[in-house]
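Here the protein sequences come in this chain order: A and B.
Per the working numbering, the first sequence starts with residue 8, numbered consecutively.
Per the working numbering, the second sequence starts with residue 10, numbered consecutively.
In short, the hints are calculated from the structure, not lab data.
Hints are not guaranteed to be accurate.
[To be verified] Calculated pairs, SDA-like style, for lysine to any residue (alpha carbon to alpha carbon, straight line, at most 25 Å):
| hint | chain 1 | residue 1 | chain 2 | residue 2 |
| --- | --- | --- | --- | --- |
| 1 | A | K97 | B | M33 |
| 2 | A | K172 | B | N58 |
| 3 | A | K181 | B | S59 |
| 4 | B | K34 | A | K21 |
| 5 | A | K18 | B | T95 |
| 6 | A | K131 | B | M159 |
| 7 | A | K97 | B | G60 |
| 8 | A | K21 | B | P50 |
| 9 | A | K180 | A | E153 |
| 10 | A | K97 | A | D57 |
| 11 | A | K100 | A | R85 |
| 12 | A | K156 | B | N58 |
| 13 | A | K156 | B | K34 |
| 14 | A | K180 | B | S55 |
| 15 | A | K156 | B | Y44 |
| 16 | B | K34 | A | K65 |
| 17 | A | K188 | B | M33 |
| 18 | A | K156 | B | D29 |
| 19 | A | K116 | B | P50 |
| 20 | B | K34 | A | Q133 |
| 21 | A | K180 | B | N58 |
| 22 | B | K34 | A | I86 |
| 23 | A | K116 | B | A83 |
| 24 | A | K65 | B | V92 |
| 25 | A | K21 | B | N58 |
| 26 | B | K34 | A | K100 |
| 27 | A | K180 | B | M159 |
| 28 | A | K21 | B | S55 |
| 29 | A | K181 | B | F38 |
| 30 | A | K97 | B | N58 |
| 31 | A | K21 | B | D29 |
| 32 | B | K34 | A | K97 |
| 33 | A | K187 | B | N36 |
| 34 | A | K188 | B | D29 |
| 35 | A | K97 | B | S55 |
| 36 | B | K34 | A | V179 |
Residues per chain, in single letters:
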Amino acid sequence: MAKADDNRILKAFKDPRTRNFAFSQLVNKYQERLYWHVRRMVIDHDDADDVLQNTFIKAFTNLSGFRAESQLYTWLFRIATNESISFLRKKRKHLFVSLDDVSHVLAGKLDDSTCLSGDAIQAKLQHAILTLPNKQRIVFNLRYFEEMKYRDMSETLGTSVGALKASYHHAVKKIEAYMKKQF
Amino acid sequence: MSDPSEHKENRPQSENGFLDNREMKLNPFSLPEGYFENLTPRIMQSVRNSGPSQQRILPWTIFLRARFLVPVAASVALLLSIVYITSHQTSDPLDFSSIAANTTLEEMDDLVDFDVEDLVAFNLVDYKQLPFDESAVDDIDRSEIFDYLMNDDDLDLNTIYEQI
């Protein structure tokens, strides 16, 4: 399926006759990028699959109220980010553990042989990223892997560009320090 | 023509080049085979299923559902009665506030093995009255404060950035 233009998707979504078709085009266009964003946050594939489905259900429910002032993709990333954080909070409450312990649980999933297929160096990087607080992890992932511009990140996370730059800078320092210890 | 600074911004740089290695960006996560191929129809099915339920509730079924609540309501009423009766029979209730008012911090410390944080937590001591050691703050690295604030779910990045 060819990737559809956002404006055409939004226009078609407004018409009840083409609403479902338009939304399926939106899903097809963004599912992969959103999946990887969520997967880097929740680590486990099944959890990422659940969070992604919830993300699109929320998007479908609220798309009619979407304002063209922001970009569709930053709006979708915002929902996916919120759903991921909400999932991690629920997990923490469910397991009766602290944030640090959730990181250990996620790190344990990384060590699961079915989770990673890349080189050891990339696995180490994922472990390093898991040492960051959730807020910083989001900023690092969006900037480093998604290569999202600070302006778009600001729109996605509702955070000033200055705060994002400071957060990314701290994250890079911590990751570099972690990686140096490993080698 | 594109803005060169935008291109520069598009390539996140680290300070000593470790993260600049493109190999680090390769995706290490494994994925079930063909996952993305049938993801769109699966998500569309979830979206359809998530719509409002069309099931109609008949008026007489409400009574059938509510009858299960009768024993629960009776148990709650009984429990509330027991609490009310026992609370009125106690002649000398334990009043932590009056104990705290008549006890000095040193005496409290001798009696029980509480530290200051416990006393503040139980509202036995007003934290504003405690001596504040400013030199302790000077010893804390700004990045440590940053990390501490980053772990607080209730603080957003803007607030943390303004504080640091």
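These are the hints, each one checked on the structure:
Pair hint K97/A plus M33/B does not hold up; C-alpha atoms about 31 Å apart against a cutoff of 25 Å. Using a Cα cut-off of 25 Å, the hinted pair K172/A and N58/B is violated, with the two alpha carbons roughly 41 Å apart. Restraint check: the Cα-Cα separation between K181/A and S59/B comes to about 41 Å, which exceeds 25 Å; the hinted pair is violated. Distance hint between K34/B and K21/A is unfulfilled; the C-alpha atoms sit about 38 Å from each other, more than 25 Å.
Between K18/A and T95/B the CA atoms are separated by roughly 67 Å; this puts the pair beyond 25 Å, and the hint is violated. Using a Cα cut-off of 25 Å, the hinted pair K131/A and M159/B holds, with the two alpha carbons roughly 22 Å apart. Under the criterion of a C-alpha separation no larger than 25 Å, the hint pairing K97/A with G60/B is consistent with the structure, at around 23 Å. Among the hinted pairs, K21/A with P50/B is consistent with the structure: their alpha-carbon atoms are about 20 Å apart, no more than 25 Å.
A distance of roughly 19 Å separates the Cα atoms of K180/A and E153/A; the hinted pair therefore holds under the 25 Å criterion. Between the alpha carbons of K97/A and D57/A the distance comes to roughly 13 Å, so the proposed pair stays at or under 25 Å and holds. For the given pair, K100/A sits about 23 Å from R85/A by alpha-carbon distance, which is consistent with the 25 Å threshold. In summary, the hint linking K156/A to N58/B is not supported, as the alpha carbons are separated by about 36 Å, beyond the 25 Å threshold.
Among the hinted pairs, K156/A with K34/B is consistent with the structure: their alpha-carbon atoms are about 17 Å apart, no more than 25 Å. Taking the CA atoms of K180/A and S55/B, the gap is near 41 Å; set against the 25 Å cutoff, the hint is violated. For the suggested pair K156/A and Y44/B, the alpha carbons sit about 28 Å apart, so the restraint of at most 25 Å is broken. About 30 Å separates the Cα atoms of K34/B and K65/A, which puts this hinted pair outside 25 Å; it is violated.
Straight-line distance between C-alpha atoms of K188/A and M33/B comes to about 17 Å, which keeps the hinted pair within the 25 Å bound. This hinted pair checks out: K156/A and D29/B have alpha carbons roughly 17 Å apart, not beyond 25 Å. This hinted pair does not check out: K116/A and P50/B have alpha carbons roughly 28 Å apart, beyond 25 Å. Taking the CA atoms of K34/B and Q133/A, the gap is about 10 Å. The hint holds against a cut of 25 Å.
Between K180/A and N58/B the alpha-carbon distance is near 45 Å, which puts this suggested pair outside the 25 Å criterion. Straight-line distance between C-alpha atoms of K34/B and I86/A comes to about 24 Å, which keeps the hinted pair within the 25 Å bound. Simply put, K116/A and A83/B have alpha-carbon atoms about 47 Å apart, too far for the 25 Å limit, and the pair is violated. Between K65/A and V92/B, the direct Cα distance comes to roughly 45 Å. Violation of the 25 Å bound is thereby established for this hinted pair.
Restraint check for K21/A and N58/B: satisfied, since their Cα atoms lie roughly 20 Å apart, inside the 25 Å limit. As the CA atoms of K34/B and K100/A are separated by approximately 32 Å, the hinted pair breaks the 25 Å bound. Between the alpha carbons of K180/A and M159/B the distance comes to roughly 15 Å, so the proposed pair stays at or under 25 Å and holds. Restraint check for K21/A and S55/B: the C-alpha separation of about 20 Å stays at or below 25 Å, so the hint holds.
With a C-alpha separation of about 22 Å, the suggested pairing of K181/A with F38/B holds against the 25 Å cut-off. Taking the CA atoms of K97/A and N58/B, the gap is about 23 Å. The hint holds against a cut of 25 Å. At most 25 Å may separate the alpha-carbon atoms for a hinted pair to count; K21/A and D29/B exceed this at roughly 43 Å. Simply put, K34/B and K97/A have alpha-carbon atoms about 29 Å apart, too far for the 25 Å limit, and the pair is violated.
Between K187/A and N36/B, the direct Cα distance comes to roughly 21 Å. Compliance with the 25 Å bound is thereby established for this hinted pair. Among the hinted pairs, K188/A with D29/B is consistent with the structure: their alpha-carbon atoms are about 18 Å apart, no more than 25 Å. This hinted pair checks out: K97/A and S55/B have alpha carbons roughly 21 Å apart, not beyond 25 Å. For the hint pairing K34/B with V179/A, the CA-to-CA distance comes to about 14 Å; that is within 25 Å, so the pair holds.
Comparing the model with each numbered hint stated earlier shows that hints 1, 2, 3, 4, 5, 12, 14, 15, 16, 19, 21, 23, 24, 26, 31 and 32 do not hold.
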